[in-house]
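Visitor: The primary structure of each chain is shown beneath.
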Amino acid sequence: MARFVRQTRRTAGQDPGALVHVGDVRQEATCLTLFRYDAASVDETHPDLACALPRDTAPGVLWLNVDGVHDAAVVEQIGRMGDIHPLLLEDIMHTLQRPKLEDYDSLLFASLRMLQYHEERREIEDEQVSLVLSPSWVISFQENPGDVFDPIRERIRDGRGRIRRAGADFLFYSLIDSIVDNYFVVLEHVGDWVEEVYERVTRSPSQSDLDEIRLLQRELLYMRKSIWPLREVLSRLQHGDSRLLAPETLPYVRDAYDHTVQIIDTVETFREMLSSVMDVYLSSLSNRMNQVMKMLTIITTIFMPLSFVAGLYGMNFAWMPGLRSRVGYFAVLGVMALMALGMLYYFRRRRWL
Amino acid sequence: MARFVRQTRRTAGQDPGALVHVGDVRQEATCLTLFRYDAASVDETHPDLACALPRDTAPGVLWLNVDGVHDAAVVEQIGRMGDIHPLLLEDIMHTLQRPKLEDYDSLLFASLRMLQYHEERREIEDEQVSLVLSPSWVISFQENPGDVFDPIRERIRDGRGRIRRAGADFLFYSLIDSIVDNYFVVLEHVGDWVEEVYERVTRSPSQSDLDEIRLLQRELLYMRKSIWPLREVLSRLQHGDSRLLAPETLPYVRDAYDHTVQIIDTVETFREMLSSVMDVYLSSLSNRMNQVMKMLTIITTIFMPLSFVAGLYGMNFAWMPGLRSRVGYFAVLGVMALMALGMLYYFRRRRWL
Amino acid sequence: MARFVRQTRRTAGQDPGALVHVGDVRQEATCLTLFRYDAASVDETHPDLACALPRDTAPGVLWLNVDGVHDAAVVEQIGRMGDIHPLLLEDIMHTLQRPKLEDYDSLLFASLRMLQYHEERREIEDEQVSLVLSPSWVISFQENPGDVFDPIRERIRDGRGRIRRAGADFLFYSLIDSIVDNYFVVLEHVGDWVEEVYERVTRSPSQSDLDEIRLLQRELLYMRKSIWPLREVLSRLQHGDSRLLAPETLPYVRDAYDHTVQIIDTVETFREMLSSVMDVYLSSLSNRMNQVMKMLTIITTIFMPLSFVAGLYGMNFAWMPGLRSRVGYFAVLGVMALMALGMLYYFRRRRWL
Amino acid sequence: MARFVRQTRRTAGQDPGALVHVGDVRQEATCLTLFRYDAASVDETHPDLACALPRDTAPGVLWLNVDGVHDAAVVEQIGRMGDIHPLLLEDIMHTLQRPKLEDYDSLLFASLRMLQYHEERREIEDEQVSLVLSPSWVISFQENPGDVFDPIRERIRDGRGRIRRAGADFLFYSLIDSIVDNYFVVLEHVGDWVEEVYERVTRSPSQSDLDEIRLLQRELLYMRKSIWPLREVLSRLQHGDSRLLAPETLPYVRDAYDHTVQIIDTVETFREMLSSVMDVYLSSLSNRMNQVMKMLTIITTIFMPLSFVAGLYGMNFAWMPGLRSRVGYFAVLGVMALMALGMLYYFRRRRWL
Amino acid sequence: MARFVRQTRRTAGQDPGALVHVGDVRQEATCLTLFRYDAASVDETHPDLACALPRDTAPGVLWLNVDGVHDAAVVEQIGRMGDIHPLLLEDIMHTLQRPKLEDYDSLLFASLRMLQYHEERREIEDEQVSLVLSPSWVISFQENPGDVFDPIRERIRDGRGRIRRAGADFLFYSLIDSIVDNYFVVLEHVGDWVEEVYERVTRSPSQSDLDEIRLLQRELLYMRKSIWPLREVLSRLQHGDSRLLAPETLPYVRDAYDHTVQIIDTVETFREMLSSVMDVYLSSLSNRMNQVMKMLTIITTIFMPLSFVAGLYGMNFAWMPGLRSRVGYFAVLGVMALMALGMLYYFRRRRWL
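Protein chains in written order, with my numbering: chain W, 1 to 353; chain C, 354 to 706; chain Y, 707 to 1059; chain P, 1060 to 1412; chain G, 1413 to 1765.
Derived by calculation from the structure, the hints in this document are not laboratory data.
Values in this document were obtained by computation on a predicted structure and should not be read as measured data.
One thing to keep in mind: the hints can contain errors.
[To be verified] Have a look at the derived ranges for each label pair, beta carbon to beta carbon:
id, chain 1, residue 1, chain 2, residue 2, range
1, P, D1209, Y, S981, 37 to 43 Å
2, W, H189, G, L1508, 47 to 53 Å
3, C, S628, G, A1658, 53 to 59 Å
4, W, D105, G, R1534, 44 to 50 Å
5, W, V261, Y, C757, 55 to 61 Å
6, G, N1699, C, A693, 55 to 61 Å
7, P, L1397, G, D1691, 15 to 21 Å
8, C, D458, Y, P953, 39 to 45 Å
9, G, L1508, P, D1209, 21 to 27 Å
[Said to hold, decoys possible] Just a few of them, taken from the derived set where beta-carbon distance is under 10 Å, the chain W residues facing chain G:
id, residue
10, M81
11, D83
12, L87
13, D91
14, Y198
15, Y222
16, L296
17, V332
Note that the Cβ used here is the ideal one computed from N, Cα and C, for glycine as well.
In isolation and in its complexed conformation, chain W is listed as follows (with noise of 0.2 Å):
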């Protein structure tokens, strides 16, 4: 439970714009990663932090991409290099946020949350990456070493695709478009086990599926409530008129928002699917209550009767035909008999059986 309690802030009092970092503690160092290319070269660097960012007028895209944000003087300093308003800085280290775009005319600043599926836990991590924009370069920062970029570095390296031709805006909205990308892995794992669970509760539902659904429900419960403002985000990437973003990206980032809308979808879908074995599940067990029922009052509606027969013939009254024919007893039980059976007969009749 503890992941959806911790989206509180511990900062109140203090100055806005100050750094302080809200969040998992964290001991590593910060690594940067410095890509330099333009169509014909390609250059990939850990920079120190005093040249991160070169301020030489070469042409070409510089993409900086920081993992760690827990060190202020680290963040500062970047910041002070590609100029970044402090509350952005503040945004980047408080990385229990909200995703959100804001639009600093000389910069673009988006703020995501990342989700990596872990197989063999079962747990969807999740991490936030905000972007930073500018005309020329790119910088990323992340909480932790470990993302889902990989094949951008690699089509990078191999000139493969649009992405060495194109500006910065490009490698902007890829970063993003993989970030999307990488919900739909996530979904994918997410309805093999919503699949998985349905097939079990149809079978024989169990306490521990309950608390599965549960599990389940607040995972896509958290999903949705980071893919939402994502849609948002993209939205106003679409439709607002950043001057920072070339007007040939615009149909990507179109396709881009049109995923968004589709991971909506399914994550609502999901939703009513787990609602509708949550149903299955609770009528599964009222079924299974309802025939508890029946079996007692089956067999306290056959042996009551019956035992108040044998009762009566139990009575010690001096004077009661039958006691002493020699048929008595038989005939008893065979009345017995016939009560058990007419009850049986009836409660057939009436589908109780």
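Fit chains C, Y, P and G to the supplied structure of chain W, relying on the hints for placement.
Guide: Structure of chains C, Y, P and G alone, referenced to chain W:
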């Protein structure tokens, strides 16, 4: 359940615009059909891929129908002939798209879901149909052979109605309209089915009815997910000012739009009826359970006191009045009968019987 | 249930604009009634089809009422006389349309649903009424003879009110208004019915009440489906700037619009009341069940211990204290009575009795 | 329930604008009160109908209050004097209107619902108040004598506050404001009532509480239906640019608008509290039922095995070990006590006791 | 419950703009604190009422904080000094306002709700804070001493951050921001509390947990009612073009707006979690009830047939086979044991045990 889960993409990390088929795997060769017609003549051929779209400037309308979108080479070549944007080709091959409309000035692109009802299997099949409209031609991409366009083909061949006299935009509209119309056919079958389940549940509800209700609910949910974006498509066609649509065609588009609104209405009505069938089911179940409980209570309430009286006279006290009397037994039997009758009278007065 | 399912079309694949009657099959001949009036005079005839709409340029207003829309030849000829677009004629003959308004510049087309309450059958009948307004005439198409327009006919004949002095647009409004007004009449009956069911359920709920509640819910759902689009029609009439509506007529249209809003309000109120009646029903059922369970528990709790004591003294041990005592039996009876009284006191204290 | 049903009209088929009173039937004579005031003087009379609105051009504000709208002749004559549109007069006499605002350029018409709480009967009474504003006068129509305007009359007589110095529009605002303010008074009583029911349900819920909750829910539903359109009225007054409202009056209108928003808020809060009271009621009921079931189960589970053992030793076999032993009876009693204690221990461990 | 009901006004019939205190009754004297600062210096005093707002034209920013708004004379005098509209003064003294923003050109007025969490009492206290911004000063009105502004006071005294260098509008923003930030603090405590209840309910649910869930639901409902209008206030501040807000301040306002959105998100998450905790509670209750019923059924089903057999052999027939046999008793016991075992096996197979 599988159909509802599969709405995901397996292409995360791909270059945007890369042509990868997403959907059920297929092996059949792609089949092309070309209509070329004007008011006076009609010509129907199965062209080679190389000359699928003849580049001559002869007047008249061209309609190229493509059955099978799993072969990237074919789609790409057609795309090159028709000057279709790579992102659109990607959408054509990803056959699990949400219906949408894209306006690329010189081209109009629509992606729809075509439903077909299979009577014997009681199943709704759906496939994606992508339509591309240029000033002089329409290309339609389908996943499988077999579609709902035969009446249009007949009308083109016979020269009935407006279609031969109108332009490519009217053909474009007609294809969409026949897909929309077919939703009515599917809904009619679904409506009959809903009514059948209703009749059955009202007469004698069973567990299998519940499964059927849930299946119908899922089918309607799925239809709703297909038709809502279709409504948006037609709404945008109707209001948008694509210069590819002639003003004479707009009333027809508005008509098709009205039909989607009516389909949505009907789907919602069916959903409400299903949830009312569900209510009938549940209330009849709980009604039955209540009768079971009443039965149990009545039996218990009648026989417990009687058995107690019998048990009383079964005690082995040496001195008990009446035991030796000749009429004791019958007196007790009489008292018991009176008790039972009193109980029955009480139950009848409280309307439990 | 059938009424709610039938809202589908059997014309998929038809040429748009093809005239095919959709609705209940009928055989009666179409009946035409023509009013021609101005402030000074009124003339009422049953014209032949050939001269249904006289083409002379005499001043005054023409109102042609058509009873029966199942005969395509008749509808088509009238359509040709009035220059009505084929798509509108199609809408007139498809009698299961959603209410709508179409503005064809020279013509205004409205399709409405007219409700009538049949007291003796306790049934709401509905039929489709299509109205076409041109600058000088109104044509009204109905499915059946018998309508809610008699007060308007009376006013035209008598020259009461504004109608004889106003133009065709005021007649058009008056026809719509009298359809809207009739919803109030139907609602009044439905309201009485709801109240009656409420009274009955409060006094003594039965299974048949449940069916009646469900029937009423369906009727209200149906009314809601008719009135919402009607509200849209009037809203568009009021705001739209059709040049066929004189400015003096607009306040009247706004008035009719207000009435539809009030009808919607009332329908929603009735729906809420019905669901509250449903609640009363369900809670009284569960209340009764609770009383059944309490009865069961009380009986069991009193007689089980008593029977146990009786069973104790029914054991055949040779040595049991008190069996031979003269007062043993009575002592045990006394103990039993005390036990029963103690139980009853306990139940009373816990408020179970 | 009747109050909620009666919102229908009995005038279907009437000529629009015909003056027919709709509402509770009344016989009292209409009573007119006329205030004429300016900053310097105030004059209060009960004029004849003939000179209700003096036509002189003396400066100052005229306020004509009309108690009773059931007499068509009176309403019509006043309407003629004030140049009020027939449709507005119709609205004034139909006392079951939805609150609304009509702007007829030279006149502003508002129809509101005035609520009054009757402490002793615990009932909310409502009546319709119609206000007409012209540049120099206000006419207020009420159904009954007795209203919430006395503080305004006092302020006019005493010359306290702004009212004597301001124009007719401020009077118009003040009348609306005092109606809005009175909703707070009603809500205060309803709030006390809700709290009282809450206390009672928490202590010991009974069937009558349920009825009271439902009654309160209906009252709040009714208030909500009155206040929502009132909010629209004030919103339109505030944003609309009627030239009858002086700019100085607008902040006051905005203030009244804020109050309606707060009333809506409070009504929604009360509704949520009521549904929470309902939850408490239901959960306490089901809690009680659960205790009944536990009681039943515990009694059955303890005494059934004991009775079985007693029955065992009540069998008439000739050879049964222990029957002849002197301690057999006591041994069996001991075993029984152990069984009972074991059961009780088991129940206590499972927290059923 | 009282806190949620009291949101009403006791001033119906008052002259609008009349200064009447609404809220908890208080007696303490009003306490004034005045900050006067610019980039270079800061001066903090507790001025007399007479010279609360010095009229000199010295540069710098004035911040007058007023603790206690129950004294109409004080509020009125301050209002006169600051030229505040009487309606605003009325709003300041009605301490149960819905948060709102009013733009009076020369003044900007904001009314907010400040929440504070009292750890030991586990209670959220709220009070109304009204802020008035003019070009050169800010006045803040609070109900009680003690607030969340201390960090701002510290920053003013120390000259840390932007605040001393910026204008009155930045102070206005900072006060709002610190109120918004404090919602996070409150939410953190509420989050911990929710998690604690969740843990407890998962382990062993009890009636008192239910009360706690309901209390939390009410608190969150209350927070939601405070934060939604606060969001509107900030949205209007951000988009509205009050000339009192410097352009440099707008990004900060946007930041605060984002925080309110995130607070709403978190409140909604907590509400969903609570309703999920409620589900866990209810399902564990019904699970327990099911086990009770199964227990009852198993006991009954096992012992009823056994008791019947015992009763059979307790009958006093003279001729019953086996009664005289030496092994009869043990044979019957064996049969009984077999019956019981068979039943247990049956229950185990049906997974009831």
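Visitor: If a hint holds in the structure, say so; if it doesn't, say that too.
Guide: Structure-based check of all given hints:
Hint check: D1209/P to S981/Y, Cβ distance near 40 Å, so the stated range 37 to 43 Å holds. In this structure the supplied range 47 to 53 Å holds for H189/W paired with L1508/G, their Cβ-Cβ distance being about 50 Å. The given range of 53 to 59 Å is respected by S628/C and A1658/G, whose C-beta atoms sit roughly 56 Å from each other. About 47 Å separates the C-beta atoms of D105/W and R1534/G, a value consistent with the hinted range of 44 to 50 Å.
About 57 Å separates the C-beta atoms of V261/W and C757/Y, a value consistent with the hinted range of 55 to 61 Å. With their beta carbons about 38 Å apart, N1699/G and A693/C fall outside the hinted range of 55 to 61 Å. Under the hint 15 to 21 Å, the C-beta atoms of L1397/P and D1691/G, about 41 Å apart, miss the expected range. The beta-carbon spacing between D458/C and P953/Y, approximately 41 Å, falls within the hinted interval of 39 to 45 Å.
In this structure the supplied range 21 to 27 Å holds for L1508/G paired with D1209/P, their Cβ-Cβ distance being about 25 Å. Proximity of M81/W to chain G is violated relative to the hint, the smallest CB-CB distance being about 20 Å (cut-off 10 Å). For D83/W, the interface hint is violated, the least distance from its beta-carbon to any beta-carbon of chain G being 14 Å, above 10 Å. Against a cut-off of 10 Å between C-beta atoms, the interface hint on L87/W holds, since the closest Cβ of chain G lies about 5 Å away.
Because the closest C-beta pair between D91/W and chain G is about 8 Å apart, less than 10 Å, the hint holds. Checking Y198/W against chain G: minimum C-beta separation of about 19 Å lies over 10 Å; hint violated. Using the Cβ-Cβ criterion of 10 Å, the hint placing Y222/W at the interface with chain G is satisfied: the shortest such distance is roughly 9 Å. The interface hint given for L296/W holds, since its Cβ lies 4 Å from the closest Cβ of chain G, which is under the 10 Å cut-off.
Annotation: V332/W was flagged as interfacial toward chain G, and the flag holds, the nearest CB pair being 7 Å apart, inside 10 Å.
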